Amino acid sequence: MSENLIEFNNISKFFGKVIALKDVTMKLKKGEIMCLLGDNGAGKSTLIKTLAGVHKPDEGEIVIEGKKTVFDSPKDALDMGIGTVYQDLALVPLMSVTRNFFMGREPLKGPLFLKTFDIEKANQIAAERMGQIGIDVRDPSQAVGTMSGGERQCLAISRAIYFGAKVLVLDEPTSALGVHQASMVLKYIVKAASQGLAVILITHNVHHAYPVGNSFTVLNRGKSLGTFNKKDISREELLGMMAGGEELDKLEVELKEMDRLSKN
Amino acid sequence: MSDKAKSIASKKTSGQDERLKEVSRLRLLLNRPELGAVGGAILVFIFFGIVAGDTGMFSAYGTLNFLDVSANLGIIAIAAAMLMIGGEFDLSIGSMIGFAGICIAIPAIYWGWPLWVSIIFAFAMAVLVGYFNGILVVRTGLPSFIVTLAMLFILRGATLAITRLITGRTQVPGLRVLIENDPIAWMFATDTFKWLFTWLGSMNLIALRTDGTPLATGIPPSVIWFIAATLFATWILMKTRYGNWIFASGGDKNGATNVGVPVGRVKISLFIGTAVAATIFATIQVLDAGSADTMRGNLKELEAIAAAVVGGCLLTGGYGSAIGAAFGALIFGTVSMGIFYTDVDTDWFKVFLGAMMLIAVVFNNYIRKRVTETK
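Sequence lines, in order, name chains A and B.
Position one of the first sequence corresponds to residue 33 (our numbering), numbered consecutively onward.
Position one of the second sequence corresponds to residue 367 (our numbering), numbered consecutively onward.
Source of the hints: derived by calculation from the structure; they are not laboratory data.
Predicted model, so just to flag it, every value in this text is computed and none were measured.
One thing to keep in mind: the hints can contain errors.
Stated by the list, open to error - Derived list of chain A stretches under chain B, where covered just means 3 residues or more per stretch with a C-beta under 8 Å from a C-beta of chain B: (1) 80 to 87; (2) 119 to 127; (3) 133 to 140; (4) 230 to 236.
Virtual Cβ for every residue (Gly too), placed ideally from N, Cα, C.
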């Protein structure tokens, strides 16, 4: 067994009397995609923020490449190679692809005190990076607002990778997307993992998670129901394990009934 | 299925590539925020060229006249535009003009300070006022509209009260004699390219006074400041890291913060920028008139914002340009002066100003939709 890139051992987080997370353990190797599943309120957001360095865990430890680590700030997490892509993506629709890609971390050129934003280099890198994903930015100075939701998601992920992420934390990357767009994003996530990144994919959509995940951790009411390898669990079992799985089964039956009636 | 999807997708992208590259240049131009203002300015010049072409409006003297008015407005409009791109308003610009004028005049006339010290003092006060506006907006999270509206009243009231307290009047004259040999004042009070105008006069190419000197003596300082401000602001917005931060701060405050843009610092510096621009405006006018007036700059903040909006700035921030604001100011300056050369009653100027703004806002709204909702 190769060494884990990142380990979260028995992480707990309390807000006053509320137990947001209790004894959550996750281990990821390079190139692995772990899907974190859970319904609303299961503690996903708290876990993400703990991963991103926004919250400090009250119990447990974070181990990166064999070393025990404490994140004091989001910047610490970033410096340790944890790249978090939040649901809002931190993209400005009115700004160009390039300007968004390098927002806050613009490449500079020129003499001291007269350093200017190296737009040519930035344009070139942005176009190159987007090209690698298979998104053809006709013109890197086009506004991000003209891109589709999936393209924006890919841009945000690509940006996190470019700026040194070893572990990608993706918060609901497919939740607002249609089938085609979602598959484009998922394809890109698999590609990123195949290049040696560890990916934590947070979602409540088992159908998106199951095809791409290597392992699955199910959260329910702040506790981990365990981590399962893909070969050990079926999509239906996963769905059932998440709160609301039963309800979905019921819904499916009802929908089939409606479908049958409308066809008659 | 995925293979099929891939092949379709790749066919689509490779096919689109060539075709779209050709139109991208035109698209780029059409999507520039200053397009409307440049087009508007051209229309205004065509209009006055036809209506007032033979009246002397476009003589050297007439041209410098409307350029001077445009340039004064332009200096504050550009700063207002940058602040608007950064997502905030400054309604205290007009009051700051009056306040800065008094900050120059009272120390120079009543306290015996050298003029250049008074000018530096005025700029220092501007930095303070701008910083205060900025920190208040950033710290409280209140809309800048309200915060700077309060500052509009506070500054104007303080200007009036302090002036009357010290001088017993609302005007402070007597500055003109101090300009000569002052190490700083010349930057705000000297016409440039005088030799050119003298030469043009001697060649009988421009109108002369009865004593043989040209009617138009040189490029007024406002125009030089205006051009310099336009170039500087455009350079900042387009070519520097700080420029990118301005767009980011105005476009999406949270997103910008999440990727490490110091949004608070950016906004505070932009508020300092509008106050400093107001002080440049004030210094030029005070030295030109030779006196400071407590009501100077009244309502100028609204004209500056109007020019910025005509220049393509969105009221919601994150979009706009300094060149656009410069052309917006040029439109207002040209019309406000040009109207004297026509048969139209000058009372109609404000009607024009309002109509122009309405058209601009509708147009800008359409542009924003184009930019953000292509797909």
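Practice problem: Please write out, lowest number first, the hints stated earlier that are contradicted by the structure. | Solution: 1 and 4
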